[in-house]
Amino acid sequence: MNKLLIRKFCTNIKNEPTKPLVDNIYKFILKDNFKTVEIKDCKNNRGLFYNPIESPTQTLPIINPLTNKPNIIFKEEPFISYPSIIKSNENICDHCLKEIKKKEEIRQCEECKVIKYCSKECKEKSSIEYHSVLCKSTGSGFNYLEKHASIEKRRFPLLAGKILARMIMGYHLEKSSKSTWLPLQMLSFAKKPPPLEWKDDYLIFSRSLLKGMSESMKKKFDYDWFVRVMQILYLNTIGIDIDPNQQTTKMSSPESGIGLYLLTSFINHDCDPNTYIHFPDDHTMHLSPLKPINPGDEITISYTDTTKDIVDRRSQLFENYGFNCECKKCLNDLLIKRK
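In this text, residue positions in the sequence shown follow full-length UniProt numbering: the first is 1, and each later residue adds one.
Calculated from the structure, these hints are not laboratory results.
Being a predicted model, the structure only gives us computed values, none of them experimental.
Here a beta-carbon is modelled for each residue, glycine too, at the ideal position from N, C-alpha and C.
Be aware that one or more of the hints could be misleading.
As the list claims (entries may be wrong) - Just the calculated beta-carbon pair ranges, DEER-fashion:
1) Phe-34 to Lys-219: 31 to 39 Å
2) Lys-125 to Lys-219: 26 to 34 Å
3) Thr-59 to Met-213: 51 to 59 Å
4) Leu-203 to Lys-136: 25 to 33 Å
5) Lys-308 to Leu-196: 25 to 33 Å
6) His-172 to Asp-222: 16 to 24 Å
7) Glu-197 to His-172: 25 to 33 Å
8) Asp-243 to Pro-52: 44 to 52 Å
9) Ser-216 to Glu-54: 43 to 51 Å
10) Arg-154 to Lys-191: 19 to 27 Å
11) Asp-312 to Lys-219: 41 to 49 Å
As the list claims (entries may be wrong) - With a straight-line Cα cutoff of 20 Å, these simulated SDA-like cross-link-like pairs (lysine to any residue) come out:
12) Lys-43 to Glu-326
13) Lys-43 to Lys-329
14) Lys-75 to Pro-52
15) Lys-192 to Asp-222
16) Lys-31 to Pro-52
17) Lys-103 to Lys-75
18) Lys-125 to Ile-100
19) Lys-43 to Lys-31
20) Lys-113 to Tyr-144
21) Lys-125 to Ile-92
22) Lys-120 to Glu-99
23) Lys-191 to Asn-45
24) Lys-199 to Ser-179
25) Lys-147 to Ile-204
26) Lys-75 to Gln-247
27) Lys-218 to Thr-180
28) Lys-31 to Lys-125
29) Lys-211 to Asp-224
30) Lys-75 to Lys-211
31) Lys-43 to Tyr-26
32) Lys-69 to Ser-179
33) Lys-328 to Cys-42
34) Lys-136 to His-148
35) Lys-19 to Ser-179
Assemble the whole structure, with the sequences as input and the hints as a guide.
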């Protein structure tokens with residue numbers, strides 16, 4: 001991502017990560033998708049490139065001729081996600097964000113009797129990843145943080161709460177939170193002073209989630225940690241609109257769910273992108289081509305509405321992501337404007 005307000009690596013480590021460490025983290029982020037794509041350095045810092053191991057010379061068409069449906073470059077489940085605040089009273093699965101259409105399909109947390117799931121699988125995943133920490137029955141005050149976020153219309157503190165829970169679960173399961181925190185350190189972050197409201201958010205965050213922790217654990221999740229997480233979320237979250245027929249930009253609306261996708265965060269912007277993201281079933285992100293893609297091509301998506309005028313596009317991109325777009329479409333539009 002060609003941002004003016006970011007650093008190459010988001011890290012609390014004083015020394016820049018070594019190449020072997022970076023390679024191992026990339027492997028963790030890629031998972032099975034290493035067969036299709038790779039993370040590489042490029043002119044815009046880092047990017048994601050199409051690299052099909054099984055068909056290294058074959059162009060990927062837009063439509064799969066066998067299914068007559070769009071090809072899927074890869075799918076990715078979010079590191080964390082959260083449903084729409086506006087739709088919070090509806091029957092939405094707290095984990096995968098899918099609408100639960102039949103009441104008899106609802107699975108509730110037996111402990112708090114509040115959180116709803118669409119299936120046993122989602123319920124188990126949620127418990128393993130974060131809900132065991134955030135459940136009201138454990139004394140967690142996550143519901144107070146939810147009330148604060150709902151009033152202030154700010155959802156990033158809720159995602160920060162889920163990241164905290166994942167780190168705590170990682171510590172209990174592996175005696176280390178590194179497997180959770182290290183991948184986040186590789187993501188770009190907004191390099192600008194934190195707004196004043198983040199202090200209010202952290203006050204509620206700490207009162208809701210850090211009470212009862214040892215002093216050493218509280219130090220791990222101090223205000224500096226919270227700011228870094230919020231800076232990561234500010235640049236990398238994606239709006240989740242579940243619709244089999246809808247293409248999505250990176251921007252979210254109050255009606256959208258939101259999620260943080262580690263691999264997708266490496267995809268750079270272009271006002272004439274060659275791929276798009278969509279959510280046909282649940283919070284699982286699907287990446288499909290808008291154009292035929294050749295091996296070695298950089299994968300791009302749009303972070304904004306590409307039908308807008310260049311002035312509006314550039315203004316929105318700079319305001320939200322901190323860079324002046326210099327893609328071919330922008331340069332061509334500038335030439336036309338000057339004539």
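Worksheet item: Among the hints numbered above, which are violated by the structure, and what are their numbers in rising order?
Response: Result: hints 4, 8, 17, 19, 24, 30 and 32 break, sorted rising.
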